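Enquirer: Here is what each chain is made of, one letter per residue.
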Amino acid sequence: MYIDRKKITPDIARRAARTTTVVLILIFLGMVFVYWNIQVLRYDYFRFRALQNIIKTVELEAPRGLILDRNRQVLAENRIDFTLYLIRESVTDWERTLKIASFLTGKSRSEIEKIIAKYKGNPKSYLIPLKDHFPLASVAYVESRIDEMPEFRIDLKPGRSYPQLGFGSHILGYISEVSDKELQNQSASGYHMGDSTGISGMEKQYERYLRGEKGTQTIIKDNQENVQQELSRVRPKIGQTLVLTVDLNLQRYIEELFQDIQGAAAVIDLTDGGIMALVSKPAFDPSIFSEAITPEHWNELMTMPDPPLRNKFIQGIYSPGSVFKIVMALTALSEGIITPQTSFFCGGELLVYDHIFHCAKSSGHGWMNLQSAIEKSCNIYFYNLGKRLQINTIARYARLLGLGETSRIDLPNEAGGLVPTTQWKERVFRQKWYAGETISVAIGEGSLNVTPVQMLRMISTVALRGRKPTPHLLDHIEKEGTTVYRFPANFETVPIPHALFEEVIAGMYRVVNGEGTGRLARVETLEICGKTGTSQIISKDNPRFKALAKEKRFIPNSWFACFAPREHPRIALVLLIENGGDAGLIAAPMAGQILNRIFQQ
Amino acid sequence: MKDYFRFFDKTTFLILLVLAFGGVSLIYSAGYSGQQHHYLKQIFWVLFALVCFFIMFSIKLEPVFRHSYLILAAVCIALLIQLATGRWIAGTRAWLRFGFFQVQVSEFVKIPLALALAKFLTTFETITLSRLLKLAGLIGVPVLLIALQPDFGVSFILCSFFLVILFMKKTRPILLIMLVALTVSVSYLGWRSVLKPYQKARILSFINPQKYSKTSGYQLIQSKIAVGSGGLSGKGYLKGSQSRYQFLPTRHTDFIISVLGEEFGFIGISLLFFAYFILFYRQFRFRFTNDEEFYFIYLFNGLILFQFLVNVAMAIGLFPVLGITLPFVSYGGSSILSFFLGEAILFRIQINTYIQ
Chain A
1 MYIDRKKITP
11 DIARRAARTT
21 TVVLILIFLG
31 MVFVYWNIQV
41 LRYDYFRFRA
51 LQNIIKTVEL
61 EAPRGLILDR
71 NRQVLAENRI
81 DFTLYLIRES
91 VTDWERTLKI
101 ASFLTGKSRS
111 EIEKIIAKYK
121 GNPKSYLIPL
131 KDHFPLASVA
141 YVESRIDEMP
151 EFRIDLKPGR
161 SYPQLGFGSH
171 ILGYISEVSD
181 KELQNQSASG
191 YHMGDSTGIS
201 GMEKQYERYL
211 RGEKGTQTII
221 KDNQENVQQE
231 LSRVRPKIGQ
241 TLVLTVDLNL
251 QRYIEELFQD
261 IQGAAAVIDL
271 TDGGIMALVS
281 KPAFDPSIFS
291 EAITPEHWNE
301 LMTMPDPPLR
311 NKFIQGIYSP
321 GSVFKIVMAL
331 TALSEGIITP
341 QTSFFCGGEL
351 LVYDHIFHCA
361 KSSGHGWMNL
371 QSAIEKSCNI
381 YFYNLGKRLQ
391 INTIARYARL
401 LGLGETSRID
411 LPNEAGGLVP
421 TTQWKERVFR
431 QKWYAGETIS
441 VAIGEGSLNV
451 TPVQMLRMIS
461 TVALRGRKPT
471 PHLLDHIEKE
481 GTTVYRFPAN
491 FETVPIPHAL
501 FEEVIAGMYR
511 VVNGEGTGRL
521 ARVETLEICG
531 KTGTSQIISK
541 DNPRFKALAK
551 EKRFIPNSWF
561 ACFAPREHPR
571 IALVLLIENG
581 GDAGLIAAPM
591 AGQILNRIFQ
601 Q
Chain B
1001 MKDYFRFFDK
1011 TTFLILLVLA
1021 FGGVSLIYSA
1031 GYSGQQHHYL
1041 KQIFWVLFAL
1051 VCFFIMFSIK
1061 LEPVFRHSYL
1071 ILAAVCIALL
1081 IQLATGRWIA
1091 GTRAWLRFGF
1101 FQVQVSEFVK
1111 IPLALALAKF
1121 LTTFETITLS
1131 RLLKLAGLIG
1141 VPVLLIALQP
1151 DFGVSFILCS
1161 FFLVILFMKK
1171 TRPILLIMLV
1181 ALTVSVSYLG
1191 WRSVLKPYQK
1201 ARILSFINPQ
1211 KYSKTSGYQL
1221 IQSKIAVGSG
1231 GLSGKGYLKG
1241 SQSRYQFLPT
1251 RHTDFIISVL
1261 GEEFGFIGIS
1271 LLFFAYFILF
1281 YRQFRFRFTN
1291 DEEFYFIYLF
1301 NGLILFQFLV
1311 NVAMAIGLFP
1321 VLGITLPFVS
1331 YGGSSILSFF
1341 LGEAILFRIQ
1351 INTYIQ
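Protein sequence lines, in the order shown, are assigned to chains A and B. Sequential numbering of the first sequence, starting at 1, is according to my numbering. Sequential numbering of the second sequence, starting at 1001, is according to my numbering.
Derived by calculation from the structure, the hints in this document are not laboratory data. Small disclaimer: the values here were computed from a predicted structure and weren't measured.
Under the rule of at most 27 Å between Cα atoms (straight-line distance), these lysine-lysine pairs were calculated in the DSSO-like manner:
#	chain 1	residue 1	chain 2	residue 2
1	B	Lys1060	A	Lys7
2	B	Lys1170	A	Lys6
3	A	Lys6	B	Lys1119
4	A	Lys6	B	Lys1134
5	B	Lys1119	A	Lys7
6	A	Lys157	A	Lys124
7	A	Lys6	B	Lys1060
8	A	Lys124	B	Lys1196
9	B	Lys1041	B	Lys1239
My request is simple: use the sequences and hints to build the entire structure.
Expert: What follows is the structure in structure tokens.
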């Protein structure tokens, strides 16, 4: 519309108005069309996007199941726990945020950055847990300043607590945040980053029962992730309750006896294979893992020379020492090498294969038969058996009695131990087995390696005259008050005649109640049968034996394995005291004390 | 007095009132969840603007046009003083504090500039190089001063005067080509040296909002979602989730139309467009007694139309986010006051043809 004259005439004005109207109509039609397109034609898409903005489904964590002892005393439970979260979306000044986060959590800047980096793949609105077990005072501090630091959020989360303060820690195990590796394996079973999972003990073994079912909550939220309204909620379901065979009072009693002692011990109920107490020292407090464990603390725990997280009862590997003589006796009897009356003379030492082997009593025991040899723990007698038996035969019986094989106790990461055979020597060392090695094995030394739980199983099998139990810590699982699973009592039958067990048991009875090595275990009212074992840490053949034997770490380990009563046995017990020295002086009296307590109640 | 009432364009005035008070109720909705009281301030400003409207309406126009260069020079000096002494508020010196209220001086350049340009346009027939340079100086100085504050929204809007002038006046083709070349090179230089990173980000995110959806494209996308999710009839007053749960940014100012679109749907938008159409249709046809008035009608209406278009296009992602309000509707006292003062001059031009 070029106005081609200097003066505006009514005609020009009319023409201008007309052109302008056309332009206006075109503009408005265009805008109406564009808005029609967005609001009417693409309505469904934008409606969805708008709902996506405000509707969010969040998971509600389920409290873990309880763990109770056989008298329903609480070993593990839940408590309300505060967690501090960070929302990256709301961060305006990272410098300031990191400073505050460091101040609130007590963690260093780089630690916090590391945590945040783990959630790189999650949306910016994701709640990153910075610190669990956030103290109440800090909760109040954050809540009152939430306007100044909207990037922080505090939420409730069920937390784990172990009211027994470290008692039974190796039974319970602990929980911790699920690791990246596990996340990759278990993503199908619904674990997310930041979830807790059992790492050891019952917490790991029965994780899938303890875990419970997560709930969900659908909410309307605003731009700052504040909950405006709840639309629906599926309550989380608490995990199932484990009732253990463990007797907390007995557990505490034994742990207190072990106060200054390193080693392991366990008591088994012979009627069903249920473990009544299980001790491994040093122990730990399982709550520290769900609380504020620092990387330094963790490293310290892992690199200690005697790491407290290791459950020695199932993972510790030791020479069985003289306790193994029970196996030798049963082997020789079964194979017909000896009769109960067969005697050997003990003069304090014996020359076998051009090598002098010693007895514990250098002056010698004189003539020994089976029962007296067990009673006095005479080495010479058993060297004679070793001379007459093949290593593979011994190994077969050892395995039958539960040594050198996993007990299949319901605890994760059990060690296997070792009962040597010729094939083993061939495979590992590419050497022939020397007959002289069998002589060492005959008194439970040499390359024999067992775990305390295997020893417990062996002594239980002897006590039950050939019925080998599967030890277990779980009694039953309860869901909403009803039992959903009961651990089956399981006994394997060992093909050794009943009468032969009676002979060995008679010897074991004399160990405690005669003039035997374990007589300090004696309890007046109770028929205890047992066997001591003092296993050398360095060989007597070592040229520096005399010098080294005085050092604490080379003092022999003390074993005591026993059961009671002699007829219809109810309880078996194994004690291992590391560097305890003479088993008869250390382990035996403790065993007597424990059994006395059990049977008095 | 009776004549004044008789010839006063009551229909157009009614539309202005509907827009302004409709705006207040949308601002109320925009601040509903945040307990913000912008709407109360807006009511005050609208009432104040109406008082100023009638004061301006009663002033004779002849001296206003006569002194229009002087008025423009005075406003430019005010801008300069503000540039030198102004306090930075929210990253700009565009605000001048008067006790309780803040005033955005740049808004008050619109009318003096339109007046001065209208006067200048009466002096020639064809745009030549020297006239083009004069025009460029006339528009360019205030635009530059405002851009330095910085307030890119208003300075961009003022450039619309150029478009209106080129639309009306005869121009030599060679000059048009030169103008295009100049625009391109100024834009390039501006991109390289003047624009701040956040402003560049806005423009980039306009080109590809999904890529910047978490940062600078956020406003664009959220506004589009608000408008689109309103559908045909909207979610209902105060029930827009985008607005209520604060996904919609600066919803009481730049994105007030998105609140309307979300809560009243396509029907609400159509009604708004209809009101604006009637407004423009009538105002472009306002009667006048001399050429200056004719040019002023076109310049000022062109400015409103341009600002309206940019704002409406911005809300649905057809234009970069520049901080441009919806005339008469958006929150902002200076904007409302300035538009009503301009309207007062238009109404005065219209009534002069009957009264004098």
